[in-house]
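Once you've looked at the hints, dock chain B against the given chain A.
Chains A and B, in that order, give the protein sequences. So for the first sequence, UniProt numbering puts the first residue at 1; every next one is plus one. So for the second sequence, UniProt numbering puts the first residue at 1; every next one is plus one.
Just so you know, the hints here were simulated from the structure itself, not pulled from any lab data. Keep in mind that a hint or two might mislead.
Each pair may be met inside one copy or between any two copies, as identical chains are not told apart.
[What the hints assert, rightly or not] Straight-line distance between alpha carbons at most 27 Å, and here's what the computed DSSO-like set of lysine-lysine pairs gives:
(1) K320 - K33
(2) K403 - K176
(3) K176 - K426
(4) K16 - K6
(5) K426 - K320
(6) K290 - K403
(7) K6 - K320
These numbers come from a predicted model, not from an experiment.
Number of protein chains: 2
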Amino acid sequence: MHERSKAFSELRERFKDRFTTDAATLIAHAGGKAHHTPANPDAVFFAESTEEVALAVSLCARERIPLVAFGAGTSLEGQLSAQRGGLSIDLSRMNRVLRASASDLDCTVQAGVTREDLNQALIAEGLFFPIDAGVGATLGGMVATRASGTNAVRYGTMRENVLALTVVLADGRVIKTGGRARKSAAGYDLTRLLVGSEGTLGIITEVTLRLYAIPETSSVAVCGFPCVGDAVDTAIAVVQQGVPIARMELMDRRLVQAVNAYSGLSLAMRDTLVFEFAGSAAAVAEQIEKVELIAAAQGAVGFEWASEIEARERLWAARKDAFYAIVAQRPGGRGWSSDVCVPVSRLSECILHAQAALDTTQVPAAILGHVGDGNFHAVFSVDPARPEEMAEVARINSEIVDKALSVGGTCSGEHGIGTGKIGYLKRECGEEAIDVMLALKRALDPFELMNPGKVFDAGDPR
Amino acid sequence: MHERSKAFSELRERFKDRFTTDAATLIAHAGGKAHHTPANPDAVFFAESTEEVALAVSLCARERIPLVAFGAGTSLEGQLSAQRGGLSIDLSRMNRVLRASASDLDCTVQAGVTREDLNQALIAEGLFFPIDAGVGATLGGMVATRASGTNAVRYGTMRENVLALTVVLADGRVIKTGGRARKSAAGYDLTRLLVGSEGTLGIITEVTLRLYAIPETSSVAVCGFPCVGDAVDTAIAVVQQGVPIARMELMDRRLVQAVNAYSGLSLAMRDTLVFEFAGSAAAVAEQIEKVELIAAAQGAVGFEWASEIEARERLWAARKDAFYAIVAQRPGGRGWSSDVCVPVSRLSECILHAQAALDTTQVPAAILGHVGDGNFHAVFSVDPARPEEMAEVARINSEIVDKALSVGGTCSGEHGIGTGKIGYLKRECGEEAIDVMLALKRALDPFELMNPGKVFDAGDPR
Chain A
1 MHERSKAFSE LRERFKDRFT TDAATLIAHA GGKAHHTPAN PDAVFFAEST EEVALAVSLC
61 ARERIPLVAF GAGTSLEGQL SAQRGGLSID LSRMNRVLRA SASDLDCTVQ AGVTREDLNQ
121 ALIAEGLFFP IDAGVGATLG GMVATRASGT NAVRYGTMRE NVLALTVVLA DGRVIKTGGR
181 ARKSAAGYDL TRLLVGSEGT LGIITEVTLR LYAIPETSSV AVCGFPCVGD AVDTAIAVVQ
241 QGVPIARMEL MDRRLVQAVN AYSGLSLAMR DTLVFEFAGS AAAVAEQIEK VELIAAAQGA
301 VGFEWASEIE ARERLWAARK DAFYAIVAQR PGGRGWSSDV CVPVSRLSEC ILHAQAALDT
361 TQVPAAILGH VGDGNFHAVF SVDPARPEEM AEVARINSEI VDKALSVGGT CSGEHGIGTG
421 KIGYLKRECG EEAIDVMLAL KRALDPFELM NPGKVFDAGD PR
Chain B
1 MHERSKAFSE LRERFKDRFT TDAATLIAHA GGKAHHTPAN PDAVFFAEST EEVALAVSLC
61 ARERIPLVAF GAGTSLEGQL SAQRGGLSID LSRMNRVLRA SASDLDCTVQ AGVTREDLNQ
121 ALIAEGLFFP IDAGVGATLG GMVATRASGT NAVRYGTMRE NVLALTVVLA DGRVIKTGGR
181 ARKSAAGYDL TRLLVGSEGT LGIITEVTLR LYAIPETSSV AVCGFPCVGD AVDTAIAVVQ
241 QGVPIARMEL MDRRLVQAVN AYSGLSLAMR DTLVFEFAGS AAAVAEQIEK VELIAAAQGA
301 VGFEWASEIE ARERLWAARK DAFYAIVAQR PGGRGWSSDV CVPVSRLSEC ILHAQAALDT
361 TQVPAAILGH VGDGNFHAVF SVDPARPEEM AEVARINSEI VDKALSVGGT CSGEHGIGTG
421 KIGYLKRECG EEAIDVMLAL KRALDPFELM NPGKVFDAGD PR
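Same shape as in the complex, but just chain A (with noise of 0.2 Å):
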């Protein structure tokens, strides 16, 4: 609808090839890696520098030309689809690491960079950015979304790591929101009303993330529970200890089983933990020591150490694709995820909740979970063209989610909300909130062209 704008005729002649309405580009930023509905952008964008994306934001804000930035497409809401057309800014192209600062532990790094890459970069240094979100998932795509993922519960999410960002508004301004100082109190946190608004606020262009040491020394281990309560109660009491444990991560019987098939291990069929050391060698030893303590309280079965590094990694390996593994249980199946998130003392009560949902369907599902966070996803391989399924998985999903809100959890513990979950924020936080998400997102993006469908409703362009 937009391809005879003057925006775009300009872009295409500055740009030439980086500009451009090829179908198969445009299927591809679409949106369409999980269970929602994907809508072609009129074009794509392939964006070199923050001047570049001003520019290009500028010029269709004039022609009031609705903006999607894509990253590495990894999102699993829905965040992506241009669902009223327009242009796809594709951050992908800006790749490079421009600082790192070893005494400050802190980098600054174009919004394209994934995770991988930026510690690929750091590790001679002796430096690692600890949050990994889904695999090749872009640093700007992990603040939009404030993702977080496996080393939360000692790192903390994007939330807590992102120093400053540099954003292009909707006209085209351009704003830093900080500073490289740890921590500020001169005016309103612009850098943390941007984490997570799923560039409907304005577009990432530049990021300052906090850094940390590669620990000493790190150590793996697995163990079985004789059922899921019994493993949450391990994590829940970890966390209450006060262990300073790497990582903590459930997975449920089925997914054990999703993620032999899938990966090649052959852990045994339990709920299961897996569990990260990380520190000073003493440090290490200690945590090891009081955990093994809290787990055989709860009836573990045999703690398995993987401390060679390449048994380690092939381990959170399978960890890391257990979304793929979850899906790829059907042939052409989609995954739909739920993100519910809960204070830890109610978690057993809630992935119990979940579990006995699950028996309802035959959908393939799994439960895995960062339970020392609280945070736990129930992965669906569903497909799409079949509507009841979808239906069932949808009420299943609803009232995982009711479940979550009735002990004062969040729909969304990682994944943002997208085109996914916006009933859902609705019922979380009441129509008062939203009214004022709303007053801000129009305060910054009046003619509603960032992202415009996703987070909410947000009604007609004016």
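Frame of chain A, contents of chain B only:
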């Protein structure tokens, strides 16, 4: 100016002596603890619940009466002066701990609870809340100024430790900005937008906070250094090596002198670091060993251990009173504190620069620093009746801020902007970012009733 308003009549009638225009009470709510010009409100209302705050706000909103939320009056940047008169809503009677959960490591308190009272209530559960702003500060006030203090190097600031807020908006509506989940990716981060908003976007009435287990053991040490650079380099190395130190505070030579006099200590007259180590016995032993090695390499002059609880508490009490120790160096003096925070790699340079600036004045002054975070304060004891002196201190403060900004730092690490740092905020953020903040402000407070004249010159009411 608002004495005859309907709102005031209604509040007086309904709340009797909890609504007052008594002169002494007005003066006590004029915000005049530091060097800023105080300004009386027209009336003070002692609220006892969120509903009462909402009622007062909606009554005042109807007649466009400005509102200032008041906690304990310990803020340091003139946040509490009633620049345009109106109603000061005193929240100090909202002092109940509403719930605390050892399983979830969280609690919900009314905004008027002080950190000291909260920790008193938690001690039996083996829990504590670490962030320690000024003595007697309320938790609502600490949220509003995004406070931190001596424990931030280990536990973060209010930014990282608030899970959710109950807020009365400018029109009297009440929202909750989050639930009890430890992480969330559900919509805009209204919690973080309110943290540090200094009463300009809404009035915080309830706060849900993260809690921590009281460490098994802790230990305090003091040591002097040949010069301030060596002390700072020690602190930086401790952070870089990932030692999970609980606190690490710099007192420069001048401050040691002031503190010895004010608190009856007999510390050696050197640039000094005070360390607190906390954790399991083994972890603390390991930390101490590492820190002693690092300090020795920087020429530290002997560690002195304060292992008895009494000695430790005396030392920390003296450190907490440092601001008053400096101010008391002159009869009738008022405190004026800089609050810059810089990347730690530039900290030595910035502190040396500040010390040189202090050498140019006769005004009593000294430097203290939360050096693990890069945050330090030059505190002056000024006489507001001497304009030349005030101009001199303003000039020195301005130089300290300019230096901080030139290395990527911030004008405020933890005290906020209030009326005192409005000009610095502009310099730091630039016009576009200030415009964004103002757009947000206007979206939530279109008539500029919420703490007007703070954070920025918001222009005339509309």
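Checklist entry - When no copy is specified for K403 and K176, does a C-alpha distance of 27 Å or less occur within a copy, between copies, both, or neither? => result Cα proximity of K403 and K176: across copies only (19 Å, versus 40 Å in one copy).
Item to check | Alpha-carbon proximity between K176 and K426, which holds within one copy, between copies, both or neither at 27 Å | outcome: between (31 Å within a copy, 13 Å between copies)
Checklist entry - Is it within a copy, between copies, both, or neither that the alpha carbon of K16 lies no farther than 27 Å from that of K6? => result within (15 Å within a copy, 66 Å between copies)
Checklist entry - At most 27 Å between C-alpha atoms: does K426 with K320 qualify within a copy, between copies, both, or neither? => result Intra 31 Å, inter 44 Å, cutoff 27 Å: neither.
Next on the checklist: My question is about K6 and K320: at a cut-off of 27 Å on alpha-carbon distance, are they close within one copy, between copies, both, or neither?
Outcome noted: Answer is neither: 44 Å inside a copy and 62 Å across each miss the 27 Å cutoff.
Next on the checklist: I want to check one pair: K290 and K403. Are their C-alpha atoms no more than 27 Å apart within a copy, between two copies, both, or neither?
Outcome noted: neither (32 Å within a copy, 47 Å between copies)
Item to check | Status of K33 relative to K320 across identical chains (alpha carbons, at most 27 Å) | outcome: within (16 Å within a copy, 54 Å between copies)
Hint violations for this structure: numbers 5, 6 and 7, all remaining hints satisfied.
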